[in-house]
Amino acid sequence: MTAFSRLMTSAALGLAVMATGMPAAMAETPPNMLVIANRIDDITSLDPAESFEFSGSDVIRNLYLKLVNLDPMDMEAGYKPEVADSWEVSEDGKTITFTIRDGLTFVSGNPVTAEDVQFSLRRAVILNKTPSFILTQFGFTPENVANTIVGEGNTVSITTDKPYATSFVLNCLTATIGAIVDSKLVMEHETGGDMGNGWLKTHSAGGGAYALNEWKPNESVTMTANPDFYQGEPAMKRVIIRHVQESASQRLMLERGDIDVARNLNPEDIAGIEGEEGIRIDEELGGQLMYLSFNQKNPELAKPQVREAMKYLIDYAGMEASFLKGQWAVQQNFLPLTFQGAVEENPFSLDIEKAKALLAEAGVPEGFTIEAGVREAQERIEIAQTFQNALAQVGIKLDITVGTAAQILGRYRARELDVYVGTWGPDYPDPHTNASTFAWNPDNSDAAGATGILAWRNAWDPGDLTAKVDAAVTENDTGKRVEMYHDIQAEFRETSPFAILFQQKRQTAVADDVQNLNLGDAISAAAYWPVTK
Amino acid sequence: MPQAATRRGRPAAPLAGFLGRAAAGIGSLAVTVLGLLFVTFFIGRVMPIDPVLAVVGERASPEVYADARAALGLDQPLPVQFWYYLREVARGDFGMSLLTARPVIDDIARVFPATLELATLGVLIGVLIGVPLGVLAAVNRGRWVDQIARLVALVGYSMPIFWLGLIGLLVFYGILGWVGGPGRLDVFYDGLVPTVTGMILVDSALAGDWTVFSNALSHIILPASLLGYFSLAYISRMTRSFMLEALSAEYITTARVKGMSEWRVVWVHAFRNIRVQLLTVIVLSYANLLEGSVLTEIIFSWPGIGFYITNALLAADMNAVLGGTVVVGTIFIILNMVSDLLYKFFDPRAR
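So the sequence lines, in the order shown, correspond to chains A and B.
Residues 1 to 533, numbered by this note's numbering, are exactly what the first sequence covers, in order.
Residues 1001 to 1351, numbered by this note's numbering, are exactly what the second sequence covers, in order.
It should be emphasised that the hints constitute simulated quantities derived from the structure, not laboratory data.
Values in this document were obtained by computation on a predicted structure and should not be read as measured data.
Every residue gets a Cβ at the ideal spot worked out from N, C-alpha and C, and that includes glycine.
Careful, some of the hints might be misleading.
Pairwise CB distance ranges, derived in the manner of DEER restraints [what the hints assert, rightly or not]:
id: 1; chain 1: B; residue 1: Ser1241; chain 2: A; residue 2: Gln385; range: 37 to 47 Å
id: 2; chain 1: A; residue 1: Gly139; chain 2: B; residue 2: Pro1077; range: 35 to 45 Å
id: 3; chain 1: B; residue 1: Leu1124; chain 2: A; residue 2: Gly449; range: 51 to 61 Å
Some residues of chain A that are not near chain B, with every Cβ distance over 12 Å (derived) [what the hints assert, rightly or not]:
id: 4; residue: Asp71
id: 5; residue: Gly153
id: 6; residue: Asp282
id: 7; residue: Glu300
id: 8; residue: Thr338
id: 9; residue: Phe348
id: 10; residue: Glu366
id: 11; residue: Ile370
id: 12; residue: Gly395
id: 13; residue: Pro442
id: 14; residue: Asp464
id: 15; residue: Gln504
id: 16; residue: Thr532
When you get a sec, could you build the whole thing from the sequences and use the hints?
As structure tokens, then:
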């Protein structure tokens, strides 16, 4: 829907509401059922070794236990023991041995054992699906897992190729891929050596707070509470997530009391619903960053002064206060706030004169023409247009190419776009997740084909930052490690071809009686088991 | 003798003719579907969209990407890919959908009944209101009835469907509470009746569960009325136009001169003669609705085939796009054939 049509619809809704008086919520969902409206058409698999989408992570977080996990009621505390009762780190810092908690069971009734932990982690490495890099970055390969991930008795040892910071390893194990699956149940459904992948895409085999009833693509996900959940049976006996694409439809459903939570309201609907009786707006910082990047293959953009000038040609405050209001907040660093090592320095603001001076210094006072690739998402297009207006004031012509996600991403990954308007979300709750993509690129050659690394996609060699990122990830002194990320980000802000723009703010409209709903902050996914009504 | 020969041959000739026509029809269907497959497949492959990315996501390593590409068969030459695809389709296998992790055929079996139910009710509303409205407008040409009918059709043509849908939801669901909200059922009724046809109204009626039936009806009535309104706009306009032509014919003047009642002139003489053209219009209208209306499906969270194909296309889920297109295309072709047959049935000149 375009901005104009959104405006038209909101105006019409507003007029109709004024004319008739919107009734208060008229019905309500049962007290032991949580009904959520969300866009869930991104789910392609519910196998934790494969799933890598936001909505899938939300579901999986509620279905599975992990060795260590984040407490939705105390996110700042970081990881806490879950399937692992405790752990010890070897003297060389490479082996972590977890002791498995007694008495845990899967929904199937099978006990949770060291064998299940070994199976789950090995399976994720052997299947080698997209998120497997979260584990394979520790040196695990399908060939060596028999020696590097070993269960014995009630312990499981994992041996990494380097002495990484323990916090880094454990943070990674809180990600979706760290979910512990019921090995017996999964292997009962193995076909053609797929380790149960085909079956687990649409079923669950966990010991978490909920079991999956059914996932109907583009329609709904239904989960039922696990009565034997180790933290006690959740108050919400059923959780139903309905796919409702349109913001206005979500709003009406919440106002009518047909749902408890509306997760995708646009700023107009948030403004419209705010203050209505029986409904509140919860705000949370999300992990997504919005950024502009400048391809260093373009000789003009490769000039340091041009890179810097670009950062002064962005109206951060103007965009935050207008079409991004309430949804995104200015953040000019690659670590989202609430992450370990995050900083709040935002030194850039729109300054046309300064940009002109920098461009003159770079020898391009007359400007040049560049192309920006933008996915067909309204706010990204508006960001590109705002940037285009500012560039026009210094003589730079920005051609905006709008395409589907797959079209634009394909060109970005092929290093073909001059400018990319993108978002990036962390893969696991550790600063390395973003440092290793924005500020780390050991081989900048085309042949390297490191399409997963943002620095590579923009043909940028970060120089000594690569070594600094490598050093930070093996630093076991947390205080020092945080300082290292502060330094890396300071240098990155000044020198990189990335203009980090905003950090996501989640505004969720919730029925007043719903309590303790945590959607994961910037570092995790939604947790439904603490919810009460 | 010739007479006897004719008699002996009489039973055989119509059967042979029928078989011949049936074979020709099936042949024509097969060739059209093959053409449809060919065009869709190659357009899908030359589009600047990378289907591998839809599977592995943007952060996949080159190795994971290459494995997925090979698993999808995209490392083969295009004609080979097409041949493999045809072979599978001939076995009734449209492949797996990347987005839903299920066989495309199962997905279609799930989403198409939702569209079929909605489109059928929509076209019924369109016909039941649109045809009488068009006839009335023609009979009262230039009068207020005609003006209203034309206004209704004009609004139906020019009003954006998402806007009308949202306003409909706001008024009839949000404010008045007369109808159910987005979705096919309230969540509490989901899964209560066994799936037989996939059409909830039919399945709940078969199960005798009238509570579910009435809930499903409350959910479908608004989107069906919306689609019905857009069909109505087309059907009433065409009915008016056909009737105006028919009413100006000489046989109508003759009938009136003979003193026939106006009702008989309009419904028996004039309307009878526009049935064939009208049938084509209605069938086309129905076929259009069966393609799925993406915007209606989005606003009403209706899990139909329009949304399914659009989503698949945007994510380069080509198995789903091809499967969906073939189904929609085949239905279009079949409806056209049915229309032709009915044409011949109603109009002896076309036999």
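_Flag every earlier hint the structure violates by its number, smallest first._
none
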